[in-house]
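Asks: Listed in order, the protein sequences are those of chains A and B.
Start counting the first sequence at 4; every next residue gets the next number (the numbering used here).
Start counting the second sequence at 101; every next residue gets the next number (the numbering used here).
Calculated from the structure, these hints are not laboratory results.
A hint or two may mislead.
Unchecked claim - Once the Cα atoms are required to be at most 30 Å apart in a straight line, the calculated BS3-like pairs of lysine-lysine come out as:
{"hint": "1", "chain 1": "A", "residue 1": "K14", "chain 2": "B", "residue 2": "K212"}
{"hint": "2", "chain 1": "B", "residue 1": "K205", "chain 2": "A", "residue 2": "K18"}
{"hint": "3", "chain 1": "B", "residue 1": "K149", "chain 2": "A", "residue 2": "K60"}
Said to hold, decoys possible - Derived list of chain A stretches under chain B, where covered just means 3 residues or more per stretch with a C-beta under 8 Å from a C-beta of chain B:
{"hint": "4", "segment": "39-46"}
{"hint": "5", "segment": "51-61"}
{"hint": "6", "segment": "80-86"}
Keep in mind it's a predicted model, so treat the numbers as computed, not measured.
For glycine and all other residues, C-beta sits at the position ideal for the given N, C-alpha and C.
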Amino acid sequence: GAGVSQSPSNKVTEKGKDVELRCDPISGHTALYWYRQRLGQGLEFLIYFQGNSAPDKSGLPSDRFSAERTGESVSTLTIQRTQQEDSAVYLCASSAPSGGNEQFFGPGTRLTVL
Amino acid sequence: AQSVSQHNHHVILSEAASLELGCNYSYGGTVNLFWYVQYPGQHLQLLLKYFSGDPLVKGIKGFEAEFIKSKFSFNLRKPSVQWSDTAEYFCAVNGGSQGNLIFGKGTKLSVKP
């Protein structure tokens, strides 16, 4: 596709429910990143996939957060037993193998936990 | 650990004023440096980047940034801002073998017409 796409654009859920967020990277981009942006804060790294290597999960804030990626394609970020502090915009980015780590961002999913 | 500091949370300028947004990072090795911009209602897009070579880099829409290694800085500049530059600006860095970017908290720029 022309750019990184994410779905849904908005998600409102109740505390304790599980949510799944989806990211479609730019075709051919081997690296995929998840970040979150809480109100008034910068982007916070969550997880990074590079090709077939084991993902870098060092940014995941708790074991309620997990992510999967199918090959070099779609990724889903799952948050289990959501808490109010999980409310944020979740951003996905991808980068090309020879792009010098220039990351292209999607529009984000705004998650609101009531 | 790497970190990025952006000195100004909110900057308000009149059109045609000059702009300089500060960015300092902490990392001792080779770094790649970026400025991203987020216009109202739009997603993040790359403004400019520095990997190596000339420390003065030029980006889109008349923006430029200067990498000063001795000061660990990568300040963003524009000689004359326009109302359409109203946006939030994020400085980011990654270094070594790290894949992810470390972002500053962002600077909101409001340009008065």
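Asks: So, for every hint listed, does it hold in this structure?
Replies: How the hints compare with the structure:
A hinted pair counts as satisfied when its Cα atoms are at most 30 Å apart, and K14 (chain A) with K212 (chain B) does not qualify at roughly 34 Å. With a C-alpha separation of about 27 Å, the suggested pair K205 (chain B) and K18 (chain A) falls inside the 30 Å cut-off, and the hint holds. The straight-line distance between the Cα atoms of K149 (chain B) and K60 (chain A) is roughly 26 Å, inside the 30 Å bound, and the hint therefore holds. Requiring three or more residues with a Cβ within less than 8 Å of a Cβ of chain B, the coverage given for the segment 39-46 of chain A holds, as 4 such residues are present.
Counting residues of the segment 51-61 of chain A whose C-beta sits closer than 8 Å to any C-beta of chain B gives 3, which meets the bar of three, so the coverage hint holds. With a cut-off of 8 Å between beta carbons, the segment 80-86 of chain A has 0 residues touching chain B; three or more are needed, and the interface restraint is violated.
Hint compliance for this structure: hints 1, 6 are broken, all remaining hints hold.
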